[in-house]
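In order, the protein sequences belong to chains C and E.
Numbering (the working numbering) for the first sequence: 1 to 115.
Numbering (the working numbering) for the second sequence: 1 to 110.
Heads up, some of the hints might be wrong.
[Said to hold, decoys possible] Ranges of calculated distance between the beta carbons of each label pair, as one might list FRET restraints:
1) C:Asp59 x E:Ser94: 41 to 49 Å
2) E:Met10 x C:Asn26: 34 to 42 Å
3) C:Asn28 x E:Val92: 40 to 48 Å
4) E:Thr26 x C:Ser73: 36 to 44 Å
5) E:Leu51 x C:Leu27: 23 to 31 Å
6) E:Asp95 x C:Val52: 15 to 23 Å
7) C:Gly2 x E:Lys52: 26 to 34 Å
8) C:Glu15 x E:Ser41: 34 to 42 Å
No wet-lab data here; the hints were simulated from the structure.
Using N, Cα and C, we set each Cβ at its ideal position, and we do this for glycine too.
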Amino acid sequence: DGGITQSPKYLFRKEGQNVTLSCEQNLNHDAMYWYRQDPGQGLRLIYYSQIVNDFQKGDIAEGYSVSREKKESFPLTVTSAQKNPTDFYLCASSHLGQIYTGELFFGEGSRLTVL
Amino acid sequence: DAKTTQPTSMDCAEGRAANLPCNHSTISGNEYVYWYRQIHSQGPQYIIHGLKNNETNEMASLIITEDRKSSTLILPHATLRDTAVYYCIVRVESDYKLSFGAGTTVTVRA
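Excised from the complex, chain C in its bound form (with noise of 0.2 Å):
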């Protein structure tokens, strides 16, 4: 079954403590793209990547730092810099090019608490 894993669905961290969240598509999408959604809110891009050790900043990328060391993984780390209490992370893919048509894929989420 093609899709995309985002883990864990839940994660607690303490303050000054970083966290990773992973995120790994088998749809053989090029693009990944992490989005932040606070409570009652629409979603907020934080990076985003369209190639294998490529990536740029989105709107709220301060306190978050990614990877792309395969096309399949896009993992984000949440630093201690963050201080939103709960959030609710999004992984995303999608195609590039031609075959491109705006559909973006989503995971499940993950749901960070900080303690």
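Take the given structure of chain C and dock chain E to it, following the hints.
Positioned in the frame of chain C, the structure of chain E alone reads:
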């Protein structure tokens, strides 16, 4: 700066058509209109998109006005499972990123 404006919330009756409006008065010629929906605590799901012609698929219909300044997503026979937040998004053809606003919370009532 918001490219689209949607009502915050709306109710509709199960079995009836749900018409979701979206204003995008500053849309330019190379921008597409997209609709996604997000069921509670899940990732958003693509519904439909269009440039200037009306579009229909198995999920919904998209009606875009002739001046392209507004559009309506139509769910022909709403069910309780259609309760979700619906996002109207404008995307430039050359841009791969999508920007999601607050959307419209649609509640389908029995």
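Cross-check of the supplied hints:
no.: 1; hint: C:Asp59 x E:Ser94: 41 to 49 Å; verdict: violated (18 Å)
no.: 2; hint: E:Met10 x C:Asn26: 34 to 42 Å; verdict: holds (37 Å)
no.: 3; hint: C:Asn28 x E:Val92: 40 to 48 Å; verdict: violated (25 Å)
no.: 4; hint: E:Thr26 x C:Ser73: 36 to 44 Å; verdict: holds (37 Å)
no.: 5; hint: E:Leu51 x C:Leu27: 23 to 31 Å; verdict: holds (25 Å)
no.: 6; hint: E:Asp95 x C:Val52: 15 to 23 Å; verdict: holds (21 Å)
no.: 7; hint: C:Gly2 x E:Lys52: 26 to 34 Å; verdict: holds (32 Å)
no.: 8; hint: C:Glu15 x E:Ser41: 34 to 42 Å; verdict: violated (25 Å)
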